[in-house]
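S.K.: Going down the list, the sequences are from chains U and R. The first sequence runs 0 to 327 under numbering that gives the first Met the number 0. The second sequence runs 0 to 335 under numbering that gives the first Met the number 0.
Treat each hint with caution, since some may be false.
Residues from chain U shown here face chain R by an in silico Cβ test under 7 Å; the list is partial [claimed, not checked]:
| hint | residue |
| --- | --- |
| 1 | S195 |
| 2 | L222 |
| 3 | R226 |
| 4 | L266 |
Taking lysine to aspartate or glutamate and the DMTMM-like style, the derived pairs with C-alpha atoms no more than 20 Å apart in a straight line are [said to hold, decoys possible]:
| hint | chain 1 | residue 1 | chain 2 | residue 2 |
| --- | --- | --- | --- | --- |
| 5 | R | K217 | R | D149 |
| 6 | R | K97 | R | D87 |
| 7 | R | K281 | U | E49 |
| 8 | R | K213 | U | E272 |
| 9 | R | K281 | U | D221 |
| 10 | R | K152 | U | D282 |
Calculated from the structure, these hints are not laboratory results. Yeah, the Cβ is synthetic: ideal placement off N, Cα and C, and Gly gets one too.
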Amino acid sequence: MRTDVGTDRRGLQVTNLVKHFPVKRGLPWSRPDTYVRAVDDISFDVKPHETVSLVGESGCGKTTTAKLVLRLEDPTSGRISFGGKDINMSRGADLRDYRASVQAVFQDPGSSMNPRMRAKDIISEPLFINQGMPRRQREERASELLEAVGLERSLRDDYPHEFSGGMRQRLAVARALSLSPSLIVLDEPVSALDVSIRAQIMNLLKDLQERLGVAYLLVAHDLATVRYLSHRLIVMYLGEIVEAGPAEVVFTNPLHPYTQALISAALPARPGEESAGVILSGDLPSPTNPPPGCRFHTRCPVAFDRCREEKPALRELTPGQKAACHLY
Amino acid sequence: MPRMLPNTGSILRPPAAPILSVRDLRVSLYTRRGEGKAVDGVTFDLYRGETLGLVGESGCGKSLTALSLVGLHPQPPARIVAGEVLFDGVNLVQLTSKQLRSYRGKRIAMILQDPMTSLNPVLTIGDQLAEPLRRHRRLRGRDLTARMIDVLKLLRISTPERRLNDYPHQFSGGMRQRVVGAIALSCEPEILIADEPTTSLDVTVQTAYLALLKNIQKEVGLSIIFITHDFGIVAKMCDRVAVMYAGRIVETAPTAALFDHPGHPYTEALLNSVPDVRMAPKRLRSIEGAPPRTYDRPSGCSFAPRCPYVMPHCRDRVPPEVEIAPGQAVSCWKHT
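Model the full structure from these sequences, guided by the hints.
M.R.: Pasting the structure below:
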C-alpha cells in the first residue's frame, strides 16, 4: 500500500505508517500480551494550501494518526516526512523547525490553555520559545493575531475563562498561527462548540487558509463539517485506509461499502432527505484482534467469500479516488 | 395503540387533549452570582404518540426544563419558582418527592446523555434492570426474569438471558445506551424524556439507535420529549419542535414547517449555519456573537443583540407569542 510520493517534496508525506500499542495484563516488565493495532500501514500526503480530512468511527486510528504527525507519539514503523525531511529522525534545530511549521488546534479549547495566562501570553508563548522574540514585539504580534481571528485587541489582557467557547477556540487558532505554520492539525475543532458558533469557526478556518495558504489535516467525525472544509478525504476503518480521494468525488460517488454506510448514516439536514442507504449493524470489532481478510467484512452488507480470506489492496479506481474493496 | 402523528405540517394539532402540559415553568438557579433565570416561562404541550423536539444550544435551559418536569433538577442551586406541569390531571410541581417517585421511572422515564454515568459500574445489568420492575411492577422470580429478557429483546440485545449477569463495562457504547433504554422502557412508561441520548455515540451507531427508538415508539405507543442541539436529529425523529433560546421557547412548530419557513430569526439563522452533508458546500452564514450568559440576560428579547432584524423596541419588551401558521407559534416582534 504505497502511494506515489512523486516529485513534490513540499508538504507532509506519510508512508507505510504503523502504530501498535502494547497491551499488558501481567507485570510491568513482562512481555505485552497483545497489541492494539491503532494505525496499520497507511500512506497519504498533505500538499500546501489544501485540507485533508481523516474520517471514521471512534477507534479507527484517526486521532492516533494526528498524534503521530504532531510527534506526540512515535511510530512503530513507517516514515513521516515534511518538506522532504524525515521528522522522526529530526533532532535539535530541525525538530524545532518542524514543530514551528506544524501546529495544532484541539477539540476542547478550555483544556488546551493555561487558565493562569492572559490571552496575549497564550498566543505569543510559541514566539518566545521558538524565536526568543522580545516582549514588546510579542505583544504587538499578539494583537495582530487577535485581529486576524476576529477578536478585539482590547481582549489581550483577559484570561481564558473570560472568553466564551467560540472565542476561546479563536484564541487557540491564533496561537496555532503565531509561528506562521504551513500545516495545522485540527482535531475535532468545532465539535465542542455550540451550533450557532460552529459556522463562525469553520468560516474563519476557511478564510485563513485562503489568506495565508496554510494546509490543514482535519480529524473529525461530523461528515457535514468535513465536507464543508475539505479538499481531500481519507476514510479509515480499524487502522487502515479504506477509501481516499477528492472530497466532492467521494461524497457524491463513494465506492467502498463502509464509506457508503458512513455517508448514509449522516443525519439529514432537513426532514425527508434521508438516503435509504444501509444501516450498519454491530459494533466496531476490537482493534487488538482485527478480522482476517478485509477488516470490514464482519459488518459489510455485500461481503462474499473472498473478503473473509484475502485483504483487498488500496487501488486507484477513478482518477484520484482509491478504495480497498474486492467489489471492484 | 395511540394515534401516530405523521411527520408533516398538514395535520395541525391533534384533537386529543395533551398527555403533558407545561405552563409558564420557571426554574431559577440561586448562587453567589444571584438569581439566574435558567428556565424563564416555558410553555408547551406533549400529545400522545408524538415526538416533541426540545432544541437549543448549551445553557439555553433545555435539559433543566426536562429534569424539572420530574423533579430531578439539582436542588440547590435550582428551584422551581413558578409554573405547572400537568400530567393526567395532576400538577407534578406540587407533589412531594415521595409522591413523585410513583411517576418517575414508571409513567415518565428518562434516558440521559452518557450511558456510563447512568449505569452503576459495580452492579450487573440484571440488577439494574430489576430495580424498577421490582419497585413499580412488584415482579419477582421467574416473572421478573421473563420481563427483563423481553425488554432487552425489545432493545435488540442479542442473547439477553446470557447478558443479564454482565457488567456495564462488558458492553460497547451503543449497547450500553440500549441497556439504559431497556431500563427506561421496562415499566412501559407513557412518556420518555430523552436528553441527547446519542451524543456520545458514533454516527453509524447513532443512526441504528434512533431507528430502533422510532420502531419501539410505534410498537408500544410512546410520547417522547427529545432534547437535542442537532437539527439533523430533529429532522429525523421529531413531529413537532420547540426551539429554546436563553431560557425561553422562541418558536414551536411542526417539524416540516420549521424547516420550510422558520418564523423566528434565531431558528432561521441556526438552520442557515448548519452545513449539509448531502450538498456541495456553499458558504455558511454564521450567527455573530454568542448566547447571553444565564446571569446577565438582556431585557426584552434575548436574541436582540445578535438579531439581523432587530428593532428598537425589541430590546425593551419581551415579544408575545403569535401564531403565524397553523401550529406554528413564534415569539418575535417581527410578527406582531
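S.K.: If a hint holds in the structure, say so; if it does not, say that too.
M.R.: How the hints compare with the structure:
With its C-beta approaching chain R no nearer than about 4 Å, S195/U sits inside the 7 Å limit, and its interface hint holds. For L222/U, the interface hint holds, the least distance from its beta-carbon to any beta-carbon of chain R being 5 Å, beneath 7 Å. Annotation: interface hint on R226/U holds; nearest CB of chain R at approximately 6 Å, less than 7 Å. Residue-level restraint check for L266/U holds (minimum Cβ-Cβ distance to chain R is 3 Å; threshold 7 Å).
Simply put, K217/R and D149/R have alpha-carbon atoms about 17 Å apart, close enough for the 20 Å limit, and the pair holds. At most 20 Å may separate the alpha-carbon atoms for a hinted pair to count; K97/R and D87/R meet this at roughly 18 Å. With a CA separation close to 17 Å, the supplied pair K281/R and E49/U stays within the 20 Å bound. Among the hinted pairs, K213/R with E272/U is consistent with the structure: their alpha-carbon atoms are about 17 Å apart, no more than 20 Å.
In summary, the hint linking K281/R to D221/U is supported, as the alpha carbons are separated by about 17 Å, within the 20 Å threshold. At roughly 17 Å between alpha-carbon atoms, K152/R and D282/U fall within 20 Å of each other, so this suggested pair holds.
In the structure shown, no violation is registered for any of the earlier numbered hints.
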